[in-house]
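2 protein chains.
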Amino acid sequence: MRVAAAGLALAVLGGPAMAQDTIHETEQADFRVETVATGLEFPWSMAFLPDGDMLVTEREGRLRYIDDGALREAPVEGLPDILVDNQGGLLGLALHPDFEENRWVYFSFAEGTSRANHTALARGRLSEDGSALEGVEPLFRVNFDKQRGYHFGGRILFLDDGTLLLTLGEGAQYFQEAQNLDNHLGTIVRLNDDGSVPFDNPYVSADGAQPEIWSYGHRNVQGIARNPQTGAIWAHEHGPRGGDEINDIRPGLNYGWPAITYGINYNGTPVSDARAAEGMEQPLWYWVPSIAPSGMAFYEGTAFAEWQGDLFVGALAGSMLVRYEVEGDRIISEEELLTERGDRIRDVQSGPDGHIYLLTDDLEGSVLRLDPVIP
Amino acid sequence: MRVAAAGLALAVLGGPAMAQDTIHETEQADFRVETVATGLEFPWSMAFLPDGDMLVTEREGRLRYIDDGALREAPVEGLPDILVDNQGGLLGLALHPDFEENRWVYFSFAEGTSRANHTALARGRLSEDGSALEGVEPLFRVNFDKQRGYHFGGRILFLDDGTLLLTLGEGAQYFQEAQNLDNHLGTIVRLNDDGSVPFDNPYVSADGAQPEIWSYGHRNVQGIARNPQTGAIWAHEHGPRGGDEINDIRPGLNYGWPAITYGINYNGTPVSDARAAEGMEQPLWYWVPSIAPSGMAFYEGTAFAEWQGDLFVGALAGSMLVRYEVEGDRIISEEELLTERGDRIRDVQSGPDGHIYLLTDDLEGSVLRLDPVIP
Chain U
0 MRVAAAGLAL AVLGGPAMAQ DTIHETEQAD FRVETVATGL EFPWSMAFLP DGDMLVTERE
60 GRLRYIDDGA LREAPVEGLP DILVDNQGGL LGLALHPDFE ENRWVYFSFA EGTSRANHTA
120 LARGRLSEDG SALEGVEPLF RVNFDKQRGY HFGGRILFLD DGTLLLTLGE GAQYFQEAQN
180 LDNHLGTIVR LNDDGSVPFD NPYVSADGAQ PEIWSYGHRN VQGIARNPQT GAIWAHEHGP
240 RGGDEINDIR PGLNYGWPAI TYGINYNGTP VSDARAAEGM EQPLWYWVPS IAPSGMAFYE
300 GTAFAEWQGD LFVGALAGSM LVRYEVEGDR IISEEELLTE RGDRIRDVQS GPDGHIYLLT
360 DDLEGSVLRL DPVIP
Chain L
0 MRVAAAGLAL AVLGGPAMAQ DTIHETEQAD FRVETVATGL EFPWSMAFLP DGDMLVTERE
60 GRLRYIDDGA LREAPVEGLP DILVDNQGGL LGLALHPDFE ENRWVYFSFA EGTSRANHTA
120 LARGRLSEDG SALEGVEPLF RVNFDKQRGY HFGGRILFLD DGTLLLTLGE GAQYFQEAQN
180 LDNHLGTIVR LNDDGSVPFD NPYVSADGAQ PEIWSYGHRN VQGIARNPQT GAIWAHEHGP
240 RGGDEINDIR PGLNYGWPAI TYGINYNGTP VSDARAAEGM EQPLWYWVPS IAPSGMAFYE
300 GTAFAEWQGD LFVGALAGSM LVRYEVEGDR IISEEELLTE RGDRIRDVQS GPDGHIYLLT
360 DDLEGSVLRL DPVIP
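Residue numbers (numbering that gives the first Met the number 0), protein chains in the order written: chain U, 0 to 374; chain L, 0 to 374.
Since the hints were derived computationally from the structure, they do not count as laboratory data. The reader is advised that the hints may include incorrect statements.
[Unchecked claim] Ranges of calculated distance between the beta carbons of each label pair, as one might list FRET restraints:
#1 U:Glu76 to L:Glu277: 52 to 58 Å
#2 L:Gly267 to U:Ala69: 36 to 42 Å
#3 L:Asp144 to U:Ala275: 48 to 54 Å
This structure is a prediction, so every number in the text was calculated from the model and none was measured. For every residue, glycine included, the Cβ atom is placed at its ideal position computed from N, Cα and C.
Chain U with its partners taken away, still in its complex shape:
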């Protein structure tokens, strides 16, 4: 990626309150990076309201409101008790598909204590002025209390049938539990919008299996999105040292962690001798070394015509945004973007204005927006 010096001049001419970046010249599009909001404490997930405003979760336990491009000082009120500990805090965020009618905001978070905690999902109605969540109700809790604050998963995706998927982790030291259907660790669960179990979940009638489970054998899933070309649901997960994966998520399937993996333990010892096994799914893509993927979105806007249908993945350790050219359910090329900025990217969204939005994972985190530059 080339960074053009011309951007400096443009920055001077740029919009009133926004810090502007140089021009990034990439394979298929040139863009500037605009800072929409900053001073967010480890922002984790974002959602676009119908009027163009935004909600952003901060892992430190606050829900923030961006009002016509300006970050409101006061957090949104009404959240339940949230455990802020290591990787735990306020995490995922999604609006109900009928948000305009019902104002339901869904959010995932860590709940409990530093020595006994789990991922939880709740919802509340956003007040008309956006200052509070009202009528907050719990919808789901992982049925296993971890003794440390790692691997919570936490992404929320509504499906076309009105149900939702919530991605989870295996709690790091409980990795064997990702193969145990008796608990929710290391799974993706599917719920109705009121938290009840859909009648057609794959393990709804299975003895000794939790009925919410949609897929299992996951390590820590922090990105999920629907492929608009095919309708398939793609999710990525963190591997150990190496072996981060993108998977095509189908009901009832086993994605193999920790029985199969392309990664090794952080200390260099093998997790498993096997990279493939009967009855376990191979990834659509894997990364060695790890990039620590977080957030993912298929681009569906028109502002970047050449990017339509492409997949964008944020990288924490990798400190970049990765673009994948997607052909049906295959990845056919890879391009690394924003490597020179060094931002840890926590979330990626294709905004309703056709621009790409990013959250940077930082004590002074930001909402960034990629704006096309027409050559």
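Starting from the known structure of chain U, fit chain L onto it as the hints suggest.
Frame of chain U, contents of chain L only:
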């Protein structure tokens, strides 16, 4: 890729006549690079004889014999007139599947003059002592004389049915001809082993189309191999500036050059506005920027157990060997190897001894072999 210093000590202890490299530590295998032979003038293609000896073409117009690991001084005699000009010369090489019975060696080459030339295919029987090709006969000639020495293609692959594929180029300045079935430029052709046209070729009964054509819309194809997992034939081709591709080659299909491409002209102007079009195939993989792929092989040996089924692609401009993890007919990960050596790689083969062989594209080119190092 990490290069271990321990290799220096091993080099001192190494085999008698072979220059040894340091240990290359990669994702799934550690190896040393042995120089099997050197002093080859732009070696282009290699073939393994049943007794472990090797044949290597030099683009400068010679066929060389490696006899029990030692390069014979005298070239193999009996070749026809070969035009050595720019990218043209003696190019591809393949043994007949029944070589042990019939001793047929197939080779492709540039024929004609600097101002009127084409790719040709011939065969000859290798004498028992390997000193000469006997009974050399022409099998095929591209029916279009180019006025410059570029984009000859030249790889030869025998299929399971005993026919062969010969990859071609579009002659660089004749790129529009890749869409014209009336000539062989920019195609892959399929022939019987005696050069005749197989009755079931896709355009055998089409008016105004050459009956040898198997697929078209190619730019310059310098790598072709059979995917052992699926039996599909994969070929790669050079793009212009960006847009090198790997394609899944099926009979009668149009691979789009120059109507669709992910690349642009060397001078920065667009080749085409389109990357996709109805009736034209999308690649399995593409590279932007270009790596200039040359040679490809699926690894089918046992010496590198973790690499079984993986695809290896040589890179000229990219100066590396690229490994692709292959799952069915999808690429699911990429690893760059040997980047620190800076060799332009012209050909890649999975040897009968289970080792990987490479040719370096140089006035003093070499045959290299990757030898596994067990940690």
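### Task
Look at the Cβ atoms of Glu76 (chain U) and Glu277 (chain L) and judge whether their distance stays inside 52 to 58 Å.
54 Å, holds
### Task
Take the C-beta atom of Asp144 (chain L) and the C-beta atom of Ala275 (chain U), compute their distance, and say whether it sits inside 48 to 54 Å.
51 Å, holds
### Task
Could you see if the CB distance from Gly267 (chain L) to Ala69 (chain U) stays within 36 to 42 Å?
41 Å, holds
In summary, the structure agrees with every hint in the numbered list given earlier.
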